[in-house]
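K.L.:
With the sequences and hints as input, model every part of the structure.
This note's numbering puts the sequence shown at residues 18 to 224.
Hints were generated in silico from the structure; no laboratory data involved. Keep in mind that a hint or two might mislead.
[As the list claims (entries may be wrong)] Pairs of lysine-lysine residues, derived as DSS-like cross-links and limited to a Cα-Cα distance of at most 25 Å, are as follows:
(1) Lys192 to Lys224
(2) Lys187 to Lys137
(3) Lys166 to Lys38
(4) Lys192 to Lys166
(5) Lys57 to Lys35
(6) Lys207 to Lys29
(7) Lys29 to Lys117
(8) Lys224 to Lys57
(9) Lys137 to Lys165
(10) Lys29 to Lys64
(11) Lys192 to Lys179
(12) Lys187 to Lys207
(13) Lys165 to Lys38
(14) Lys56 to Lys224
(15) Lys224 to Lys29
(16) Lys168 to Lys35
(17) Lys20 to Lys38
(18) Lys207 to Lys20
(19) Lys117 to Lys64
(20) Lys195 to Lys117
(21) Lys20 to Lys57
[As the list claims (entries may be wrong)] Quick list of simulated restraints, FRET-style, between CB atoms:
(22) His88 to Ser222: 35 to 43 Å
(23) Ile221 to Lys56: 20 to 28 Å
(24) Lys56 to Ser169: 31 to 39 Å
(25) Glu176 to Val136: 30 to 38 Å
(26) Thr73 to Val48: 16 to 24 Å
(27) Lys165 to Val48: 26 to 34 Å
(28) Asp133 to His88: 39 to 47 Å
(29) Thr183 to Tyr89: 22 to 30 Å
(30) Thr134 to Lys35: 35 to 43 Å
(31) Asp133 to Leu198: 15 to 23 Å
Just so you know, even glycine gets a beta-carbon here, dropped at the ideal spot from N, CA and C.
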Amino acid sequence: AGKPIIIHTLEKFYVNDKFEKIIVLCPNQWVNHTENLIKKYIGENDKIVVISGGSTRNETIMNAIAYIEDHYTIDDDSVIVTHDSVRPFVTHRIIEENIKYAQEYGACDTVVPATDTIVKSMDNEIISEIPDRSKMYQGQTPQSFKIKKLKSLYEGLSEEEKTILTDAAKIFVIKGEKVHLVEGEVSNTKITYPYDLRVAETLISEK
18 AGKPIIIHTL
28 EKFYVNDKFE
38 KIIVLCPNQW
48 VNHTENLIKK
58 YIGENDKIVV
68 ISGGSTRNET
78 IMNAIAYIED
88 HYTIDDDSVI
98 VTHDSVRPFV
108 THRIIEENIK
118 YAQEYGACDT
128 VVPATDTIVK
138 SMDNEIISEI
148 PDRSKMYQGQ
158 TPQSFKIKKL
168 KSLYEGLSEE
178 EKTILTDAAK
188 IFVIKGEKVH
198 LVEGEVSNTK
208 ITYPYDLRVA
218 ETLISEK
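P.N.:
Structure (structure tokens):
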């Protein structure tokens, strides 16, 4: 649709003046390419920075926090909003509510009610459990947290836990902390497969 997916996503956050900095994290070999894309489609600016991510989602978030600590003063209410670059249809409402609820509760996760029945299988062959769908949600992003709290919980994990707990919100849950739900949107889909890309191009062309 004329622009890379990541640019469509970045634009949603770039126009929000509540963000002091937008940190794009990617594999080290993609840093220069990503910087060039941003210069081409958004222009030279001080609000967006591109740095190397980690080998896991949580390591990547910790790299972002390390950058923030090096460049800013963090207080107990400072918040980080994390988002998948391949979810370009995130709405301004979702972003605003993530900021609000992260500040109010310390952690929040964007979700939509599950529309399909969820089944659990312990051996990948036979159904072990069918949870009550009315209590099931599908996780999206953003996921947002108070920075100091997230870092403290992460540093308190064992190396084994760090390997297993690949989702930042799950760290809060495992440690007995509350994670507030933010109502997502069906359109806030993650572009993963070629079919998703075709749907996304159609949606963008209709705007």
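K.L.:
Tell me the numbers of any earlier hints that the structure contravenes, in ascending order.
P.N.:
Hints 1 and 9 are the ones this structure does not satisfy, whereas the remaining hints hold.
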